[in-house]
Amino acid sequence: MLRYAAIDIGSNAVRLLIADINQHEKGNGFKKNTLIRVPLRLGDDAFLEQKLSDRKIDDLVKTMMAFRNLMDVYQVKAYLACATSAMREATNGKLVIEKIKALANIDIEIVEGQREASIIYSNHIEENLDIKKSYLYIDVGGGSTELSIFVNKQPVASKSFNLGTIRILDNQDKEETWNEMKEWIKKHAKDLKQMAGIGTGGNINKLFKMSGEKEDMPLTFLKLKSMYNDLSGYSLKERISILKLNHDRADVIIPACEIYLTVMKWAGIKQIFVPKVGMVDGIINLLIEENL
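Residue numbers (our numbering): 1 to 292.
None of these hints come from the bench; they were simulated from the model. Keep in mind that this is a model prediction, so the values were computed, not measured. Treat the hints with care, since some could be wrong.
Result set (DMTMM-like, lysine to aspartate or glutamate): computed pairs, CA atoms no more than 20 Å apart in a straight line [to be verified]:
| # | residue 1 | residue 2 |
| --- | --- | --- |
| 1 | K265 | E127 |
| 2 | K31 | D59 |
| 3 | K31 | D44 |
| 4 | K270 | D191 |
| 5 | K31 | D173 |
| 6 | K77 | D107 |
| 7 | K133 | D216 |
| 8 | K132 | E238 |
| 9 | K101 | D44 |
| 10 | K209 | D173 |
| 11 | K209 | E238 |
| 12 | K132 | D191 |
| 13 | K94 | E109 |
| 14 | K190 | E180 |
| 15 | K153 | E238 |
| 16 | K99 | D58 |
| 17 | K223 | E258 |
| 18 | K94 | D44 |
| 19 | K187 | D170 |
| 20 | K32 | D44 |
Distance ranges between label pairs, derived from CB positions [as the list claims (entries may be wrong)]:
| # | residue 1 | residue 2 | range |
| --- | --- | --- | --- |
| 21 | D248 | D20 | 26 to 36 Å |
| 22 | V73 | E176 | 43 to 53 Å |
| 23 | Y234 | E98 | 39 to 49 Å |
| 24 | K270 | N179 | 34 to 44 Å |
| 25 | D58 | I36 | 14 to 24 Å |
| 26 | K101 | K31 | 22 to 32 Å |
| 27 | L103 | E49 | 16 to 26 Å |
| 28 | A102 | E176 | 32 to 42 Å |
| 29 | N179 | D20 | 23 to 33 Å |
Built from N, CA and C at the ideal position, the CB exists for glycine as well.
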């Protein structure tokens with residue numbers, strides 16, 4: 001069995017996906033074998049202090065050593081490890097990467113926002129969508145939001161913004177970044193009729209699950225707005241105890257809703273499709289394209 005692994009070192013959580021690769025004439029695909037998510041919250045250090053603390057570095061190194069052991073046990077043939085917003089901004093990011101290479105023998109690429117966006121849309125969601133529509137990919141992470149516009153299944157514009165859930169929680173989001181995003185959307189979306197959204201990231205996946213919508217059906221702007229109002233009515237403790245949200249999901253889900261709703265409003269999007277894929281799925285697809 002051919003296996004590939006994807007590691008996503010995000011601002012909120014660190015993920016490892018080990019996937020079994022299916023090779024056949026019609027094209028190659030994969031089946032998820034093992035997915036592990038560790039909520040390290042690197043963004044808290046990176047956005048507030050501009051560097052990772054010894055404690056966070058220690059936790060990250062231990063996590064990477066565990067991931068390396070798992071990849072060895074699963075006999076992974078190829079892997080790609082990507083670090084996003086938090087590591088981009090941590091002044092000691094490169095030193096941390098050298099330490100991980102020495103102790104866990106994992107090579108990590110710090111990806112720029114543009115590359116992050118292109119990895120996410122390696123998932124080729126647009127191939128299964130209505131060619132008559134234009135789509136705005138919205139990927140919300142802990143440190144950044146990636147937007148990509150697709151027309152006739154082709155990417156026509158893409159940009160990464162320093163707006164993310166951890167950044168908002170830590171009051172590190174800047175008004176000019178929100179304005180820059182608004183201008184970008186207005187510029188690129190103004191002539192596009194019948195635009196729909198495609199939402200990726202852990203929070204929108206969770207929101208979709210909570211919505212009770214049928215698979216392949218979109219979430220409407222109104223439904224998402226009503227869920228946001230409901231969630232905001234609960235305290236953090238209640239979101240954990242009553243709604244049974246994980247501790248590290250219960251706080252970020254509110255700012256995530258705010259970003260999705262704001263982008264949808266500015267772009268005039270009434271519905272958003274949630275394919276339940278993310279960065280790790282994109283990395284596996286990229287590995288398939290590069291290796292097979």
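Hints and how they fare:
1. At roughly 25 Å between alpha-carbon atoms, K265 and E127 are farther apart than 20 Å, so this suggested pair is violated.
2. Of the pairs offered as hints, the one joining K31 and D59 is violated, with about 29 Å between alpha carbons and a cut-off of 20 Å exceeded.
3. For the proposed pair K31 and D44, the alpha carbon gap of about 33 Å is over 20 Å, so the pair is violated.
4. Taking the CA atoms of K270 and D191, the gap is about 16 Å. The hint holds against a cut of 20 Å.
5. For the hint linking K31 to D173, the alpha-carbon distance of about 37 Å lies beyond 20 Å, and the restraint is violated.
6. Taken as a hint, the K77 and D107 pair is honoured in the structure, with Cα atoms around 14 Å apart against an allowance of 20 Å.
7. With a C-alpha separation of about 16 Å, the suggested pairing of K133 with D216 holds against the 20 Å cut-off.
8. With a C-alpha separation of about 43 Å, the suggested pair K132 and E238 falls outside the 20 Å cut-off, and the hint is violated.
9. Between the alpha carbons of K101 and D44 the distance comes to roughly 23 Å, so the proposed pair goes past 20 Å and is violated.
10. At roughly 27 Å between alpha-carbon atoms, K209 and D173 are farther apart than 20 Å, so this suggested pair is violated.
11. With a CA separation close to 19 Å, the supplied pair K209 and E238 stays within the 20 Å bound.
12. With a C-alpha separation of about 14 Å, the suggested pairing of K132 with D191 holds against the 20 Å cut-off.
13. Among the hinted pairs, K94 with E109 is consistent with the structure: their alpha-carbon atoms are about 10 Å apart, no more than 20 Å.
14. With a C-alpha separation of about 15 Å, the suggested pairing of K190 with E180 holds against the 20 Å cut-off.
15. As the CA atoms of K153 and E238 are separated by approximately 42 Å, the hinted pair breaks the 20 Å bound.
16. For a cut-off of 20 Å, the pair hint linking K99 to D58 stands: about 10 Å separates their Cα positions.
17. A distance of roughly 13 Å separates the Cα atoms of K223 and E258; the hinted pair therefore holds under the 20 Å criterion.
18. Between the alpha carbons of K94 and D44 the distance comes to roughly 18 Å, so the proposed pair stays at or under 20 Å and holds.
19. For the proposed pair K187 and D170, the alpha carbon gap of about 29 Å is over 20 Å, so the pair is violated.
20. For the hint pairing K32 with D44, the CA-to-CA distance comes to about 30 Å; that exceeds 20 Å, so the pair is violated.
21. Here the CB-CB span from D248 to D20 is close to 28 Å, well matched to the stated 26 to 36 Å.
22. Between V73 and E176 the beta carbons are some 47 Å apart, a value that agrees with the proposed interval 43 to 53 Å.
23. The beta-carbon spacing between Y234 and E98, approximately 43 Å, falls within the hinted interval of 39 to 49 Å.
24. Under the hint 34 to 44 Å, the C-beta atoms of K270 and N179, about 24 Å apart, miss the expected range.
25. Here the CB-CB span from D58 to I36 is close to 18 Å, well matched to the stated 14 to 24 Å.
26. At roughly 30 Å, the beta carbons of K101 and K31 sit within the given window of 22 to 32 Å.
27. The hinted window of 16 to 26 Å between L103 and E49 holds, with their beta carbons roughly 23 Å apart.
28. Distance hint check: the CB atoms of A102 and E176 are about 39 Å apart, consistent with the given range 32 to 42 Å.
29. Range check, N179 to D20: Cβ separation about 45 Å, and the 23 to 33 Å hint is violated.
Violation of the numbered hints given earlier is confined to hints 1, 2, 3, 5, 8, 9, 10, 15, 19, 20, 24, 29; the remaining hints are satisfied by the structure.
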